[in-house]
Structure formats: structure tokens, C-alpha cells
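Residue numbers (our numbering), protein chains in the order written: chain A, 1 to 662; chain B, 1 to 512; chain C, 1 to 498; chain D, 1 to 101.
Be a bit skeptical, because a hint or two may be false.
Claimed, not checked - Label pairs and their computed distance ranges (CB to CB):
id	chain 1	residue 1	chain 2	residue 2	range
1	B	369	A	530	34 to 44 Å
2	B	6	C	61	31 to 41 Å
3	A	504	B	53	56 to 66 Å
4	B	467	A	170	25 to 35 Å
5	B	110	C	476	41 to 51 Å
6	A	471	B	53	50 to 60 Å
7	B	369	A	582	19 to 29 Å
8	B	369	C	423	50 to 60 Å
9	A	73	B	49	50 to 60 Å
Hints in this document: simulated from the structure, not taken from any laboratory.
C-beta: ideal position from N, C-alpha, C; glycine also.
Residues per chain, in single letters:
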Amino acid sequence: MSQVAWLIPALPAASALAIIFFGKRMPKGGAEVGILSLAIAFVLAVVVAIEVFSANVAAVADGGEAFLTTVGVELFPISAEAGINAGIRIDGLSAMMFLLVTFVSLMVHIYSLGYMAGEERFTWYFGLLSLFTMSMLILVVADNLMLLLVGWELVGVCSFLLIGFWWEQKSNSNAAIKAFLTTKSGDVGLVVGVITLWSVFGTFDISQIIAGVEAGAYNEGLLTFGLVALVLGVVGKSAQFPLHTWLPDAMAGPTPVSALIHAATMVTAGVFLIARLYPVYSAVPAAQATIAVIGAITLLMAGLLALVQDDVKKVLAYSTISQLGYMVAALGFSYTAGIFHLFTHGFFKALLFLGAGSIIHAAHSNNMSDMGGLAKVMPRTFYTFLIGSLALMAVPPLAGFWSKDEILVEAAAAGAYTGNLVLVLGAIGGAITVFYMTRVLYLVFAGEFRGYGHPHESPQTMTAPPVALAVPSLFIGLINLPLPAFQPYAFSAWTMFSTEYWVTHPIEFSPLIAFVAVTLAAAGFVVGRLMYRDAPVGDADPMLRLGLPTRILQEKYYLDRLYTDLITLTLVRDKLGAASVWLNDRVIDRIVYLAGAGTVGFGRGLYDVADQKGIDGLVNGVGQSTRWSGGRLRLAQSGNVQLYAGAMLAGVVVLAVVFAVG
Amino acid sequence: MTWEELAITVTVFLPLLGAAIITFVPRRHEESAKSIALIVSLAAFVLSLAILAGYDWGARGIQFQLNVSWIEAAGINYHVGIDGISLPLFVLSYLLTFLCAVYSYHHIEEPGRPKAFLALMLMLQTGMAGCFIAFDLILFFVFWELVLVPMYFMIGIWGGPNRQYAAVKFFLYTLFGSVFMLVAFLALYFAAPERTFDILALQQMGAAGEFTANFQRLAFAAIFLGFAIKVPMWPFHTWLPDAHTEAPTVGSVLLAGILLKMGTYGFIRIALPILPDAAVEYAPIIGVLAVIAIIYGALCCLAQTDLKRLIAFSSVGHMGFVMLGIATLTPIGINAAIFGMVAHGVITGMLFFLAGSIKERYHTREIAEIGGGMVKTMPKMGVVLGLTAVASLGLPGLAGFWGEILALLAAFNPAPSLVDAGYLTLFRVLVVFGAVGTVLTAGYFLYMMQRVLMGEPPERWSEAGLRDISPIEWGAWMPLIVLTVLLGPAAFLVTGMTTPDVTTIMTTFLGG
Amino acid sequence: MPELLSDPTTVDLFALAPELSVIVAALAILLVELFLPAERKRLVMLIGMAGVLVAIGFLIALAADIGGGSRAAFGNAFVVDQYALLFKGLFLGVAVFVLLLSYRYFSEFRTYQGEYYFLLLAAFVGMLLMPSARDLVMLFIALEIVSIPGFVMAGLRKFDLRSNEGALKFFIIGVLSVAVLLFGMSIVYGFTGTTDLVGIAVALEGAERAPLLLAAVLFVIVGFGFKVSAVPFHFWAPDTYQGSPVPVTAFLSVASKAAGFAGLLQVCFVAFAPLADVWAPVLGVIAVLTMTLGNLVAMQQTNMLRLLAYSSIAHAGYMLVPFGIVQPGNAALNSDAFSAVLVYLIAYAVMNMGAFAAVTAVTRAHPGRQVADYTGLGHRSPGLAGAMSVFLLSLGGVPPLVGLWAKFYIFIASVEAGTPFGLFLAAMVVINSVIAMFYYLAVVRTMWMDEPLSVEPIRPGFALGTAVGGLAFLTVGLFVAVDLFATSANLSTLVAGG
Amino acid sequence: MQAAYPLTFAALLFCVGVYGVLSRRHAVLVLMSVELMLAAVTVNLVTFGAMVGDALYTGQVFALFVMAVGAAEVGIGLAIVLLIYRNRASVNIDDADLMKY
């Protein structure tokens, strides 16, 4: 089956084309095509996953090689030796991503049926969703970095279009541009990194790069540079510190989009990239340390930011950044921990976003200060949202607990300063997570409704997908139970990239860490409940009354202002751009103009001075001297012929002298 | 004379013949000039496709060759032929001219007069195509200059309010460069052990090291000036924004689509292979200038308020990537450059078509006047503009991407001779700046899209009943739109053709 | 030196046939004109045309006859060889076009038609003699036969003060330069004891270089410098061009100048060849001054004829460049330089004649002769404006028009010289070509890009239209055959024939 | 040797002619000055003819031609001067400055 896995991205590609070109004429505006293709793709993904996972389990059992299938063709040559290939790489990681992407995408498609109903550009929306899914799947399936880069950029542009979906409002298009440019800035690193890896290994092919690393024949300095450059791309795409600022703004897009792109899939592309190249990264400790530190900073910083948000989607956005920080940090020392958290988080964060969408749909506002008491009117939304929240809070035995616990265990095992940093910050971050989710739960669902109108439960299409997502949110953590007996049949075995790695990096359980984490989480909950039991909003909100810390957090550490105002606006658009134009018009052009004008002026001058005054004057002089000697002379201004004659003879005399001497 | 020998001559001079025929159209039937131009350009395009079909892709060296003596006393030959490097540009020039002929059914700028306009356009076609098939320096020069006059008139008569200034600037700038180029050609002629203007013969002498280092330096400088002005490379670019802004739509399309490529093509065909040692010396300078152009062009774009001028400045940046590819002196770089040229021709040609149609409808090029919301007032036009803009900013999967990324890739790994000369670090730094340039490029295009496409349209436009893309426009644009999308995944259409000959031409540099 | 003593009274009527047929036509015009009624007088042009065509017929016959050799008359003073034939062909071709230009102009002018055509043909007789003249006396006579009718023709618009004035200036400068030329010739004769050009060369070879002799050589060159309007002997040209009837201006700037170059070629490349190291640099410097001044001043002109006058001064500068690179004894180089002048002369004749033909047509509607009169000509008469653009662009050197190829030969020759001075000259030609584009382009721009003054088209009429069209065709198409001119008459034939 | 005297005389004559051409305002006087220059040439030619002594008497023949042509020239010149006199009632050469620059 894995031979035809290219069908998985091909299906949404076909549906994207079908929707964009023919969607308007379809009864459901093209949505049915998208849902159908995604459903088939999901089935295919399940089939592929079963094949790959079972093969890997078998490999663990008999010590064989991890499952890997690559199918590729050369797209075009770029020199006599090298070429650009298109190929698919099917292994545990891509099978896992298939499952996640197709499932969440399918859910979001269905959910959007209700959420986007009546929307003017309904068809366009579904076309973009399919296009995005295709791009994401290309990124996942790519067997070489160039193709991965293609998918990477394509998801970026889809994200741009979806964030700016309601482009009538300037703020939305601003957010879209910000998202695209920020991630694109990170892509400088990605491009340079990919090129550097090509330079080191002479290929884009991931298998060959890994083989090259294993063979040990590489320029270590260059490789380190390349990998760190790649991290810059990851920082942009996965919204890591300090390029995370675009993600909260990206919430301007429709909420299902946030669920799909800015929670479950696209933002995990960076994490995926590191996981994809994990064997390469593990050969370069410096790069791994960089990853871990960036992830650790991000997880704490973003968690704090979530504390002061009023917009429910922004809370979730910062929470996403924070969780992405966990994943990235985890990949600093453990492959399995990182991608396991990616996997579980995808489900429950998508669930939370869909739930938030449902809430916003009902309350007609994004702000929690306009909500409250929604548990009574929309129970189904409440229970699914609650499940998602508990999973995010890492309440055992829900999904989030197992994956986050794994990260902390691995961090402790890794030790050294990076491991300890991640361990400490991760544990604190866990408490913060619980606190802000408690705040959200109380502000949204408890108490009385503070907004306008009469909120009501969302339609079936919008409640069914959360239910479907709630199931994995509850149980998916169990697939990687850290029991030695279970491990050969668990997630870690399914998705391993090599048997050797699986053997040498067993998944373990630490009761102490689990206890500390749960205790911290409980503390967070208690504090949160104490503060927000009465759903204080606005000025009453204790988190907004902390003075300077609140201010700093509300100003997002002033990073945004730095980027937007200082760099983008002041520096680039107004100053540098203007300076360039100035340079262009005033200096370079002026030089040319002056050269031209100079020639003309020189001509005029020569004409006025040399021809009319100089030659004429010379002529005058010659003429005058002859006239003097004749005794009847005056300064004659007119009298041209004789002056001509005089000039001519003067020329003759001068030349004759030259001749005679020469 | 077989078809093989005559194919190029017939294809190149057919448009000139068409131009001559058009001049004999009586003024009363001036409109029929359009059909003649359409038929002639279509016929020429079909002929160029026939050459494409008859071209042996795998082979190296020139095909469809014809070499007859022309001016014997000076050793000038009528030597024409085609190889993988020129073929894509050759065919592209015919395609664009044909599309321009189609487009002129839709709109010709004031003062109309299709007869003169189309005759000039066809003349231009002969000059452009001729440049790509000439294998004799003087023949090349003649075609090169032949382009100048029709374009001068196109800008000067059918251009915008500031047309005369732009036309003269264009003319004199280019003439200035080309005079130096001619001097260099003559110098090559005299310096060659066996006096000849034949490009292939001179290439062999160049590879054999027949020219002294000092001579190469001087000759390259002169040739560089001629080509760099045409490209245009920073800081010789200032004619371009004016010329583009003022030129009529068809003029802009051909100017951006083909004329600029004549310069870069000249580098690949003439400057590098004939003067390889000087090329190694100049490559870092070219690389630096190219990257300056990338960044600088993008920054200038950010400051533009005029849609057409913005697109014009974007050409500076895009050609910067092309020149960066050339400066690497590697087959990948040259391939990237040629791909970049074709892609830029397709995409920017399309952008200028759009700018022209927008100007025609809004009667302004000022972005602020247009005021946004084009997707609402003219949804199809808006979507096409959006697609073309993202293609231009180098989105993977569309035509603009490969040229940029491969140029960067090549610049990271420049030719061994450059590495030996100690320029590796310089080029790698250039890569980083070039990559930053892609971000800036994305920035100004998105900024443009935001201001033109998005937002609520001003009332006067939403009520003006602006006509969306007309059938003629679809006819003129569809091939370009298809190519914009197709060249992304099907890049082998270009590189498959170019790779063998690029490898041949670069062998001098490959050895170190 | 037996040929020195050859009988100066020998006459070869066949060799003289072209000149004789033109003389006969000229005399016939004078005679017939007396008997024609006023409104039919213009028909005498046809007689002139017939004479010229017959002369062309004889020329072809002569060409067939001599093959690679030559025929001589009056001892060795008059020689017909390939070189002479090429020039004669050029002159007769120019004569055809000047006649075509004159027809309408003078038939509307109404007075002195017979006299005008007589004088014109008489001047052409002098031109036909010029390239055959291989003796100082014969050169002098030929030069005067060209000049004297020119003085009269320049003043033909008797009641126009400008015409009078132009004629006077032309006359005084002309006479003065002839006097200087003669003074030089007399001294050269005194030093060498002969007036035969080859004889002079033989005598100068290895002779002591007395300062007086060198000065005399210069005097002779100056005489021709006046004719070709080289700086600083150019002052008459703009005023005279402006004042004369336009066809006469065309004649002066093309035919008369070409005759001057013919004489200069013979004097420099034959008689004074041994002293080339002395005069070549001086002529080179004069060339640079001439083209630079011509171009820079042309840029300032608002009068079309003055503009063309300065432009033709500049072109004289280009044509003098090959003289500047001549080296004594370097046969190959000298031959290249020689061919370059020939090719340029032919190209110049075609394109400049064309420009004047177009100006003649426009002058009919706008007698003011201002550049402003050409505003929007492209909208009024696209054909005429197109032809004019072709001529101007060709003068500017835009390929593939014939003007470029002419410059190309000069480039090649001066680079070929390989000396720093040669390269300097080449560079100056380059720089000047660019400068020149300014004013040529300005006119072209005015014609096409400005709003026309009136919508009334300008109709040149049949004769003039033929001239304009024919010359435009030649300007565009002649590049196919430039090679022919360069190879058909090279220096060796002149030297051998002399 | 005796040739020096006529030659010096001729040179002086020439210079006088040049001076006259440059300094006289009256057009007829200018024409006469030109004649003086041509006369100088004639003297030169005759002197050299005698000095060289060539069989063809080139110098003398040349002198005759110069005289004849000189006469023709002056005839034309006088005609032009007459023309100007008729049109503006002045024969001052420096009045003729209608066209310049």
C-alpha cells in the first residue's frame, strides 16, 4: 500500500482543483468533494499506517530494519550530474502524520460545513482547505528536502490566504501578511539550511543525507551551520521564540482554519522537520542544544502570555505556541517524546479550537468577558471542550498527560543543563497551562451569560467533529504506555526511524516526575479555581491587576512592537525603501542625468564659450591684431567673413608651425 | 537549402516581412493591420514551435545551423543556429509577440494607430529573436541594435505622460552601453589569433586561453557595460523604471519579457565563454551587484505608489537573481539563470499585461487611487493578479521558484575556479542576503496585493461597473497563466533543454 | 621616369566620354532654355538627366573596358582607373538625385532654371575630373570647376539677403583657400620639379624635409580642408548651407564635399604618401576637432539646415579619421584606411542626400527651415517622416542602416592601426557617435512624438518622392553590399593607376 | 642665387594680400587683395619654372591657368558684390552678418 501513498496528497490536490474550478456549480458548493476526498485519504492513511506500524512492530520483534519505502522520479536536471527529484518517503513518522493530518482535516472540513454556512466565498474556502491539506501532505511525504521546502512554502501561502480570508477588513489582511512574512523570514534559514545540507552531502535526498551522517563523511562546521539555519526555519514556522508573534494574530482567520493550520498541522511542520532529520540532528549536539533551549524558552514565555488574554482564541494560540515549545524542546533529546506530543496535541488542540469556534459562533464574540454560563446552553460543546482542556492540562490518563510526562522524563534522563532547563521550565509550564485553562473554563462556562443575544447550541455538523476528536483526546495517550512489556507494540515502536534507536532509547516512567507534575497541575487548578470561581472579568480579572507584569505580558514583551513598528514599518518601508528610492532618483539617476546634462551643457558651453567666444574671440584677436597694424581698427563685433578668414589663416599658421617643426 | 538550414532565417525574418506588409495597408483599413499582425505572429510562432519540435534535446552543440559569408573583407558571417540555451528564449519571444498581437485587439494605447504600432512590434520581434540565434558578433550586434529603434518609438509614441523622457533615456542608455560592446567586439576580432567574429570560434580560443589577462579584463569591462545596462544590473538600472512605467502595455511586456534577457543571454553566450579568466575576476563583482539589485529592487518596490513602476522595479530584483546565477559560473547557476529568465519573462510579462488592463480600466496606475478590493470589483482579474504576484514572489510550485532557489543553491557552491580564488565565503554571504531578498520580495508583493486586491473597494469603483477580463484578454493571457503554473512542476521543459549545452559552455570553468 | 615626359597633348576621347557627355548636356541646356516658354523651362532638367544617364552609360562601358587596368589622357594628368570610376559613379549617382531634388524646387522657383542646371552640370564636370586628376594642375582646375559654379549657385536666390551673404562668405573663404592651396602647390612644384602626383611622391621619398616644404604640403591640404569643411576651415559651411537653395545645399554638402575628399585622397595617399608621418597626426587631430565641434554645435541648432550643416561637418571629421592613422610604407593599413574613407563617403552620400531630399520636401510647406517645422511630421506624412527618420538614424549610426557600417569600417581601420593614437581616434568616434544621437534623436522625437502643427500632409511630388524613397531604400538595404565598395576600389588600384 | 629675390617678393606679395583680405572692409578691395595673392602664386610658379627648367614648362603653364581661373573668380566675386550692393546698398563686408552662430 505504501507504494501508492502518493495518492494521499494527490486526493486533496484533485479536490482542490475540482472545487476551485467547478465548486460553484456543485450542490454543496464543493464542500462534498473536499470531504469525500479527505475521507478516502483518511482511509488510505489508516491502511498505510497499519502496514507501516505492523511492519515496525515486526521489526522490533525480530530485530529487523525499520520500515522505509521511497519511490521517486527525477523531475528535471539542474546540471549534468544533479537533478531535482520528486519522491515519497513512507516510514513511521509520515504514517503518523498522515493519520493526524487527514483525520483533523476531515473533521475540520465537516465542521466548516456548519461554521462557514452562508459565507460568500464558501467554495473558495473549501478549495483552500483542500489545497492546504495537499500542501501539508506533500511536506509530510517528501523524500527530499527540496520537495519538503516546496510543501513548506505552499502551506505558508495557504495559511496566508486563509488568515486573510475575510480580507475586507484591513486588520485581517495585516495579520495574514504578518504571518506570511514572519514565517518567510524564518524560511531564509530554511533555504540556507537546505542549500547548506546540499553542499555538505551533494543531495537533497533525506535517506542519502542520513546515510552520509552515519558514514561520518561530512564537514562538521558546515553541517552545524546548516542545521542551525534550519532551526531558524522551524522557529518561524512553528512559532518559536522569537518569531512566535504571528500566530496569535493569525487567529484573525476563521476558527476551523485555526484548528487545522495553527494548531494541529502547519505549525507542527517545524517540529516534523526536526523529527524528519532527527538522525542528523543527533549527530550535532550543538544544534540539539539550540533546539532544546529555544523550545524551553518558548514554552514558558508563551504560557505566561496566555494568562492575560481575553480573546479565547488567543489563549489557545499562546497555548499552542507553548505546547509547540514542549515538542521542540523534546526533540532536543528525544525523538519519540517530541512526535508523540505532536500527535496527541494535534487531536486535543484541534478539539479545543473547534469548541472555541462553537462558543464564538454562539456568543458572537471572541472575548471571554462577553461569555459566561455557556455550559448550560451548549452542553455538548461544554463536555467536549472540557475533555480537550483536561487533555491539555495533562490530567491522567488523558492524552496530554502521557505525552508531556514523557518529555519531562526524557529531559530528566538527558540531564545536563539543557535537560534540566527543559525539566524545570516544563514542569512550571505545566502548572501555568492548568491555570490558564482553568481560567478559560470558568470565564466561558461558569456563571451568567454576559454577552448580547441568546446563545444556543451549535448545529450537528459543528458538534459531531468535536465529539469525534474527543475520543482520541481521551484515549490516544494510552498507545504509548511506558510499560516495558507494552513498548514493543506501542507508539514508540510504530514510529521509530531505526530499530537501533528504539532499542537504545527506551520509553520509561518516573513516578516521581509524574507525581511532581500532577501536584503542580493540581496547584495550578486550585489557584485558578480560587481566583476565577466567580468569573471576574475586565478590571476585576486578577491576572489583569498585576501592574507591570500584566503590562509586559499584554504588550507581548514588546516584541511585536519591535518587529512591526521598528523593523517593518520604520526601517524597511519608510526608511530603507525611501532611502533606496532617494538613492535611485537622486543619486544614481542624477549621476547619469548630470553626465547627460553635462554633455549637453558642455556642448552649450563649448558652443557659447569656445565656438562663439573662444574661436570667435581668437578670430577677433587675430583680426584685431591685423587691423591694428593697418592702423584703422576698432573693436568689431560683427564682420563675420573676415573673421572666418582670419580664423582659417590662423589655423593655417598654427598648423604650418606644427608641420614645419614636426 | 534544406529546411534545417533555412528554418531559423525564415522564422526570424518572417515578422519583418509582416511589418513591411503592414506598412502598405492603406490608412482607411488600418484595423486590418491587426489581423495581419496576428496571422504573421501566429505563423512565426508556429514556425518556432516547429523548430522546437525538430530540436534534438539530448544533443549538444548548435542545430539548424547556417553559416554563409556576409561581409568578407571584415570576416563577418551570417552565422545562425540554435542550441539549448537560446531555444527557450527564442520560442518565448515568439509566444509573447503572438500574445501581444492578440492583446492589441483588446487595447492599444493612445494615439491608437495600430498599423504603425504593430509594424514596430513585428520589427521588434525580428530583432529579439535574431539576438538569440546569432552566432556572429556583428550579426548579434545588428539584431541587438535593431531592437532599440522600435522600442524607442513604442515608448515615445504610445507611452504615458512622461514618454519622451523615458524613450530618450532608454535609447541613449542602451546605445551608450552597446557602443562599448561594439568596441569590445572589435577588440576581440583584432585580438583573436585568427581574426574572426564567429562566436563559436572565439569561444574555442577563449577556452584555449588565447587572450591575455589584461586584454580580457578590458574587453570584459566593455562587454559588461553593454550587457549590464540591458539587464539592467544595479546601478545601471535607472532607465528601466521610467521606460517600463511609460511604455505601452505591449512594450512593457516585450521589454520585460524578452529585451532584458538579451543582456543576460549575452553574458552566457558571449562574455563568459570567450573571456573565461576575466569572468572569474568579475564574477564576485557581478555577484555583489546582483545581490544589491535584489535587495535594492525590493526596497524600492516597497516605496512605490505606482503599480507599474512597482512591477518594473521588481524586475530589477528578479534579474538580480538571474545575474547571481550567472556569477556563480556553474552549470546549476546558468541553468537557474536561464530558467529565471524564462520564468521572469512569463510572469512579469503577465504582470505587465495586468497592469496595462488595470490602467485601462481605472485610468490610473496609482495604487492609492485604485484603493483595493479588486477581488470584489473584478474577481477574475483579481485572482489572476494574485496568482501572478505569488508566482513572482517565488512561490514553489509556480514558475518563479526554481530560478531563485537554484541561483542561491549555485551561489552557495560557486565554481571551483572561484573557490580557488578565495571567493567562497563571499558567495555564501551573498546567499544569505539573497535569501533575505526573497523575504523582502514577498513583502512588497503582499503589500501590493493588500492594497490592490484586498479590502473594500472604494464606492466609485464598485459602482463604476468595471469590466472583468474580456475574452480577448483571456486569449492573450491564458498561455502565460498556464505556463506560470506549468513551469513549476514541469521545469524540465527548460532545464531539460538547456543542461547539455550549459554543461558544454561551462566546461572551461569546471576544470578550475 | 618615362611617363613623366609622356606627351601632354594626347587625348583619349573614350576616357573623357563621361565628362564630355555632361558638358554637352550642360551646353544644350543653355541653348534649349532660350527657346522654351517660361512655363516649360523646367523641362531642361530632363536634358541634364539624359546627359547624366549617358555619362553613366559611358562609365559602365569604361568599366568594362579597363577591367583591372586604366586609360590615360593628357599625358598622365588624366587617368581613368577603378578608383576614378567608383568616384565618378558616386558623383553621377548623386547628380541624378540632385536633379530629382531640384526639379520641383526650381520649377516653382521659376527663375534661372537654365542657368542653374547648367551650373550644376558644370560643377559635376569638375567633380568627374577630380578623381581622374593625377597632376597638381589638373587637380587645381577640377577643384575650381567645382567651386566657381558653386559660388553662383549659392547666391542663386538673388533677392534673398541670406543667399547673397552665404554666397559671399563661401566665395571669400573659397578664394582664400584656393590661394593658399596654389601657394602651397607652387612651392611643392619648386621643391620637386614636377606637378605629377607620382612624380612628387618619388621626389619626396628620402628628400630632405625642409620646413618650407612641409608648410607647403600643409597649404595644399588646407585647400582641400576647406572643401570638406574641416575645422577650422568650416566657418562658411553653416551660413552658406542656410542661405542657399536647398538642392544646392544638398549638392554642397554631399557632392562638393565628396569631390574634396577625392582630391584629398589623391594628394595624401599618392603625392604626399612619403610624408604621412607628418600629416597623418595633424589630420587626425583635425578629425577629432572637426567631429567634436560639429556634433556639439549641431546640438544647439534650431534651424534644420544649420543642424545638417554642423552634422555634415561632424561627418567630415569621421571621414578624416582614417587619414589620421596612415603610416608611411604600411601598405595593408593604408589600404584599409583608404577603403574606410571610400565606404564612408558612399554611405554618407546616400544618407545625407536622403536627409536633404526630405528637407527639400518639407521646406516647400515650411520655408522657415526650422526644426520646429518637423513637429508631428509622423502624423502628417508618415512616409516622409519614416524616410527622414531612417536617414537621421543612419547618420547617427543605428544598425543595420548603412551609416553604422561606414563607421564600422572606420573603427576597424583605426583599431587595426594598433597605435595609441588610433585607439584614441576610435574612442573619439565612439563618443561622438553617442553625442550625435542626441540631436538626431531629438528631431526624430519631434517628428513622431509631438502633436503636429497642422494635419495637412506634405506631398513631395513624383521626382522628389522617388528620390526620397530610393535613398531610403539604399540607406536600409545598402549594408548588403558594403563589402563590394570596400574591395572594388582599394588603394592599390589608385597607386598603380597613378 | 637670384631666385631668392622673386621668391621673397612673392611671399611679401602674398602676405600683403592676406592682410588686405583680413583688414579691408570694402568688398572690392578684398577681391583685389585676393588677386594679389594669386599674383604672388604666379610669380612663384614662373620663378620655379625657370629654376627647375623642366621640359614641359609646367610652371609657366600652371601660371597661365592660375591667371585665367583667377580672372573667372574675380568675375564671379564682383557679381556677388554687385548683388549685395543692389540689395542693401552697401559693399562693406562686415555688414554681411545676417547669419551667424
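*Do the beta carbons of residue 471 of chain A and residue 53 of chain B sit within 50 to 60 Å of each other?*
holds, 59 Å
*Falls inside 41 to 51 Å, the C-beta gap from residue 110 of chain B to residue 476 of chain C?*
With Cβ atoms ~29 Å apart, the hint is violated.
*State, for the Cβ atoms of residue 369 of chain B and residue 423 of chain C, whether the hinted interval 50 to 60 Å holds or is violated.*
holds, 54 Å
*Holds or violated: 19 to 29 Å for the Cβ distance of residue 369 of chain B and residue 582 of chain A?*
holds, 23 Å
*Pairwise beta carbon distance, residue 467 of chain B to residue 170 of chain A, judged against the given window 25 to 35 Å*: holds, 27 Å
*Assessment of proposed distance window 50 to 60 Å (beta carbons of residue 73 of chain A, residue 49 of chain B)*: Roughly 27 Å apart at Cβ, these two residues miss the hinted range, so it is violated.
*asked:* Can you tell me whether the CB distance of residue 6 of chain B to residue 61 of chain C sits inside 31 to 41 Å?
replied: holds, 39 Å
*Determine whether the Cβ-Cβ distance between residue 504 of chain A and residue 53 of chain B falls within the hinted range of 56 to 66 Å.*
holds, 59 Å
*Kindly confirm whether 34 to 44 Å is satisfied by the beta carbon distance between residue 369 of chain B and residue 530 of chain A.*
Since residue 369 of chain B and residue 530 of chain A have Cβ atoms about 59 Å apart, the given range 34 to 44 Å is violated.
In terms of the numbered hints stated before, the structure departs from hints 1, 5, 9, listed from lowest to highest.
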